[in-house]
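Chains as they are written, first to last, in the numbering used here: chain A, 1 to 483; chain B, 1001 to 1486.
Hints were generated in silico from the structure; no laboratory data involved.
All residues carry an ideal CB built from backbone N, CA and C; glycine is no exception.
Any given hint could turn out to be false.
[Stated by the list, open to error] Listed next, the in silico BS3-like pairs over lysine-lysine satisfying Cα-Cα at most 30 Å (straight line):
{"#": "1", "chain 1": "B", "residue 1": "K1234", "chain 2": "A", "residue 2": "K134"}
{"#": "2", "chain 1": "A", "residue 1": "K134", "chain 2": "B", "residue 2": "K1343"}
{"#": "3", "chain 1": "B", "residue 1": "K1234", "chain 2": "A", "residue 2": "K74"}
{"#": "4", "chain 1": "A", "residue 1": "K119", "chain 2": "A", "residue 2": "K218"}
{"#": "5", "chain 1": "A", "residue 1": "K54", "chain 2": "B", "residue 2": "K1234"}
{"#": "6", "chain 1": "A", "residue 1": "K134", "chain 2": "B", "residue 2": "K1354"}
{"#": "7", "chain 1": "B", "residue 1": "K1343", "chain 2": "A", "residue 2": "K80"}
{"#": "8", "chain 1": "A", "residue 1": "K143", "chain 2": "B", "residue 2": "K1354"}
{"#": "9", "chain 1": "A", "residue 1": "K54", "chain 2": "A", "residue 2": "K296"}
{"#": "10", "chain 1": "A", "residue 1": "K467", "chain 2": "A", "residue 2": "K395"}
{"#": "11", "chain 1": "B", "residue 1": "K1082", "chain 2": "A", "residue 2": "K134"}
{"#": "12", "chain 1": "B", "residue 1": "K1082", "chain 2": "B", "residue 2": "K1234"}
{"#": "13", "chain 1": "B", "residue 1": "K1412", "chain 2": "B", "residue 2": "K1267"}
{"#": "14", "chain 1": "B", "residue 1": "K1107", "chain 2": "A", "residue 2": "K54"}
{"#": "15", "chain 1": "B", "residue 1": "K1234", "chain 2": "A", "residue 2": "K285"}
{"#": "16", "chain 1": "A", "residue 1": "K143", "chain 2": "B", "residue 2": "K1343"}
{"#": "17", "chain 1": "B", "residue 1": "K1354", "chain 2": "A", "residue 2": "K80"}
{"#": "18", "chain 1": "A", "residue 1": "K480", "chain 2": "A", "residue 2": "K419"}
{"#": "19", "chain 1": "B", "residue 1": "K1234", "chain 2": "A", "residue 2": "K80"}
[Said to hold, decoys possible] Okay, the calculated beta carbon distance ranges per label pair:
{"#": "20", "chain 1": "A", "residue 1": "N35", "chain 2": "B", "residue 2": "D1047", "range": "26 to 32 Å"}
{"#": "21", "chain 1": "B", "residue 1": "I1097", "chain 2": "A", "residue 2": "Q369", "range": "45 to 51 Å"}
{"#": "22", "chain 1": "B", "residue 1": "E1342", "chain 2": "A", "residue 2": "G366", "range": "49 to 55 Å"}
{"#": "23", "chain 1": "A", "residue 1": "P3", "chain 2": "B", "residue 2": "R1355", "range": "56 to 62 Å"}
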Amino acid sequence: MKPWEIVIGLETHAQLATVSKIFSGASTAFGAAPNTQASPVDLALPGVLPVLNKGAVECAIKFGLAVGATVAEKSVFARKNYFYPDLPKGYQISQFELPVVEGGQIVLSVGQGDKAYEKRVNLTRAHLEEDAGKSLHEDFHGKTGIDLNRAGTPLLEIVSEPDMRSADEAVAYARALHALVRWIGICDGNMQEGSFRCDANVSVHRPGTPFGTRREIKNLNSFRNLKEAIEYEIRWQIETLEDGGRIEQATVLFDPATGETRAMRTKEDAHDYRYFPDPDLLPLKIDRTWLDRVCKRLPELPEARRQRFVTDLGLSAYDAATLTATLETADYFEATVAVAGKASAKLCANWVMGDLAARLNRENLGIAQSPVAAAQLGGLIARVADNTVSNAIGKKVFEALWTGAGQSADAIIEAQGLKQITDTGAIEKLVDDVIAANPANVAEYQAGKEKAFNALVGQVMKAARGKANPQQVNALLKQKLAE
Amino acid sequence: MIRASLKTLRAALAEKKISSVELARLFLDRIARLNPELNAFITVDEDKTLAAARTADARIGAGEAGALTGIPIAQKDIFCAKGWRTTCGSRMLENFIAPYDATVVTKLEQDAGMVSLGKVNMDEFAMGSSNETSYFGAVNNPWDKTRVPGGSSGGSAAAVAAGLAPVATGTDTGGSIRQPAALCGLTGIKPTYGTVSRYGMIAFASSLDQGGVIGRSAEDCALVLSAMAGFDEKDSTSLERPPENYSRCLDEPLAGLRIGLPQEFFKEGCAADVMSAIEAAIAEYKNLGAEIVAVSLPNAHLSVPAYYVIAPAEASSNLSRFDGVRYGYRAPEYADLTEMYEKSRAQGFGAEVKRRILIGTYVLSHGYYDAYYLQAQRIRRLIADDFTAAFQQCDVILGPTSPTTAFRQGEKAADPVQMYLSDIYTIAVNLAGLPGLSLSCGFDHQGLPVGLQLIGNYFAEARLLATAHAYQQATDWHLRRPALAA
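Use the sequences and the hints to build the structure in full.
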């Protein structure tokens, strides 16, 4: 029998980075005291009405453009009716039959090294909706507390096709999507705060047969949980089937403590949400002009930028991919290139991915918080490239920039006298002095001991306080010793 | 003063013949005396009313008065008014104090300076045609206290007819302004959907609800409508149009006006007395120079069934927020969350509201949605198209407002379908979103007022009001008053 094939589709809720809620003027900031960010609209007082936040729509448009989807000229808000204490209206305003974004594709790379491969995951749709509030079950002496600060927070629900065939692919997709929504600035991607969370639809079947019955794992809020939950679910489904059991359509929850999934409700007790178009909101119309206006504000997309880094700047595919992991990194890198010059692009890549990344890591800082500005680093790289300083001295200058010892590489080089000595006459004098002062080493070298040569180079560099051009030192020393 | 037109009241206030406080006092005293036998008001708060009147007097004194400053008004208890108990006629909101003002309240009270006399009775959540579904008790028709005033704006109509208020706000989802205006001998206008903001007006059926005015004359209604209408960014269905003065063409002659009579409104099903009063009004319009043309609304007979799918569907969802969690009625005892919902809603809502929630939930259910809700929406489209075609041939459509005059309390209460049919001529107007007006055009053999309905094309409110005004200049039906204790 053919091996089991795994089929996974993800539904992702990305909280949109708007200042105010999707249908009211209340703030969306995280962490305020309960119910202090709930307006009459969020509280669903009698008589209030929703007014659509255009900013949230623009986020959806940006996303649609970024994934090459169709942004609907007309989409419709619908009411999803169900009772829950943290759902104040007794319905959620969402989009049902006509979503704002249809289709589209996410390109991802799965795995590492030789086993790495590229995969395209198709999107079904993405639609706008409002978040519910929170029910708090602790600290209320057997009662439930309701916090409506989150009620009405704008969400973009992004639904993929069931295109993924392993937990790794699902995680790679979620990571690529996470990077993209942050790149285009529509979501802060903060998973601890719930800004980006996934539901995974998982089923297994034998290739060539119809898809198996799926179970939906709800509310996975870390990549690790996503991976573990799917892996557990796959094992459980395969074991169940191989033991002669049947999979029943169900919604399940993942418990990170036990690493297991358990059924929350089955199809039999599924809600009838009684969707119908919300009569309080007109259909959402997006015309060409609006689309063009948003398009102009869209940053160059990661895929395009990656390719440009390879073709235009001559970077390796690996470097280009690393430097386009986030918009901040890509922008920082390009700003260093802008100062150091295109010819030094590879050097810039090395510095950004090497010394800078290591230092940021050590201090637990993001690139946006780097004490060394991109222009400062670019200035330093320019001096390394034109041999004003050696790579080793460059590291010293970098450290000085980091600690704020100087405003620019040039100022630091000037103030600390770090300029490389390239004057042949001066280096020749140093070489002559070292040869005269170290007859033992000279003799060893001439007897064929290569190591002795390195010792002599070290002596010259020491005499030059590290500033002599190493290539010139090497050449002159060889020449003099051969005389 | 009790029966004076708004124009007269304004002049009296401007000339300092009476102060706003004195005027409010006059009406408050009358409410105290007569309301017990009418039950038109749910909430009266003399302190609030007099404070508003004093503010109005200050504005008048400072020369900052508008056309309505200092004039009292009764507010239908469906409009949230900050600090006022706002019940919507329901036990569910028996103790709900609104923390914000509806846009209509802001416009009429804060902006125009009108003085609220209090909150008037209505069918529970505006669901009813007789005001008998109110948790706060039925309202008696001032023309015959054993009869209903119509509904759902029954308190508004009874208050104005009895002289407890010079004018009142109302809302109209299927006839709730026009039918009570007809049954109480008044003038009432429901403008084009989207003209008056729905913000703060407790929703019954969002795509049909529209605020408006019940007054004694078209002239009074025009003045108040001009102050309450207008674009509101807080209501996404509000129409973005420049403000209008609805009084602007009141005095234009009717010569050349084409009045359409839909044959469907002149068939059986309408009381003979009502029909003869309508016929007499048509004759009067001919005298005034109007041209009478026959038109047809072939799908009008489908309006009641379509309405009783769409309105309950929207209502079932709109009323979900009344769950006992955040405000409103919560059952005193319950074992768990589900029981809290069930008991709170079972005890907080009355029978008619529950009936409509059940119908609405049913028609939106999986497997029934297409057959009911979508089908009803298609019919709605057909009905709107009928009107568009009819308005190719005429400027204003005329017919009865209600098939009968005021019926007895309890007469139709046990038979919802009979009750629903009392809106047979008004419902199509809401489905199409058109403006409609009812005015008094005579009396039946029992001395009960008969209402004449005028329907206009979209945004034809000013023309409708002018058509009514011309009739009211030529007749005096609108000036008749019920025989109440003085």
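Verification of the supplied hints:
A threshold of 30 Å between alpha carbons decides the hint, and for K1234/B with K134/A the separation of about 26 Å falls inside it, so the pair holds. The hinted pair formed by K134/A and K1343/B meets the criterion: a straight-line CA distance of about 23 Å does not exceed 30 Å. Proposed proximity of K1234/B and K74/A is supported: the alpha carbons are some 22 Å apart, at most 30 Å. Between K119/A and K218/A, the direct Cα distance comes to roughly 24 Å. Compliance with the 30 Å bound is thereby established for this hinted pair.
With a CA separation close to 14 Å, the supplied pair K54/A and K1234/B stays within the 30 Å bound. Taken as a hint, the K134/A and K1354/B pair is honoured in the structure, with Cα atoms around 29 Å apart against an allowance of 30 Å. Simply put, K1343/B and K80/A have alpha-carbon atoms about 23 Å apart, close enough for the 30 Å limit, and the pair holds. The straight-line distance between the Cα atoms of K143/A and K1354/B is roughly 28 Å, inside the 30 Å bound, and the hint therefore holds.
The suggested pairing of K54/A with K296/A holds, with an alpha-carbon distance near 17 Å, which does not exceed 30 Å. The suggested pairing of K467/A with K395/A holds, with an alpha-carbon distance near 13 Å, which does not exceed 30 Å. At roughly 28 Å between alpha-carbon atoms, K1082/B and K134/A fall within 30 Å of each other, so this suggested pair holds. Pair hint K1082/B plus K1234/B holds up; C-alpha atoms about 17 Å apart against a cutoff of 30 Å.
Pair hint K1412/B plus K1267/B holds up; C-alpha atoms about 22 Å apart against a cutoff of 30 Å. Distance restraint check for K1107/B and K54/A: the Cα-Cα separation of roughly 26 Å lies within the 30 Å cut-off, and the hinted pair is therefore satisfied. Distance restraint check for K1234/B and K285/A: the Cα-Cα separation of roughly 18 Å lies within the 30 Å cut-off, and the hinted pair is therefore satisfied. In summary, the hint linking K143/A to K1343/B is supported, as the alpha carbons are separated by about 18 Å, within the 30 Å threshold.
At roughly 20 Å between alpha-carbon atoms, K1354/B and K80/A fall within 30 Å of each other, so this suggested pair holds. Straight-line distance between C-alpha atoms of K480/A and K419/A comes to about 25 Å, which keeps the hinted pair within the 30 Å bound. Under the criterion of a C-alpha separation no larger than 30 Å, the hint pairing K1234/B with K80/A is consistent with the structure, at around 22 Å. Between N35/A and D1047/B, the C-beta spacing of about 31 Å keeps the proposed range 26 to 32 Å intact.
Look at I1097/B against Q369/A: about 49 Å separates their beta carbons, and that is inside 45 to 51 Å. Checked against the given bound of 49 to 55 Å, the beta carbons of E1342/B and G366/A, roughly 51 Å apart, stay inside it. In this structure, P3/A and R1355/B meet the distance hint of 56 to 62 Å, their C-beta atoms being roughly 58 Å apart.
The structure is consistent with each of the numbered hints, conforming to all of them.
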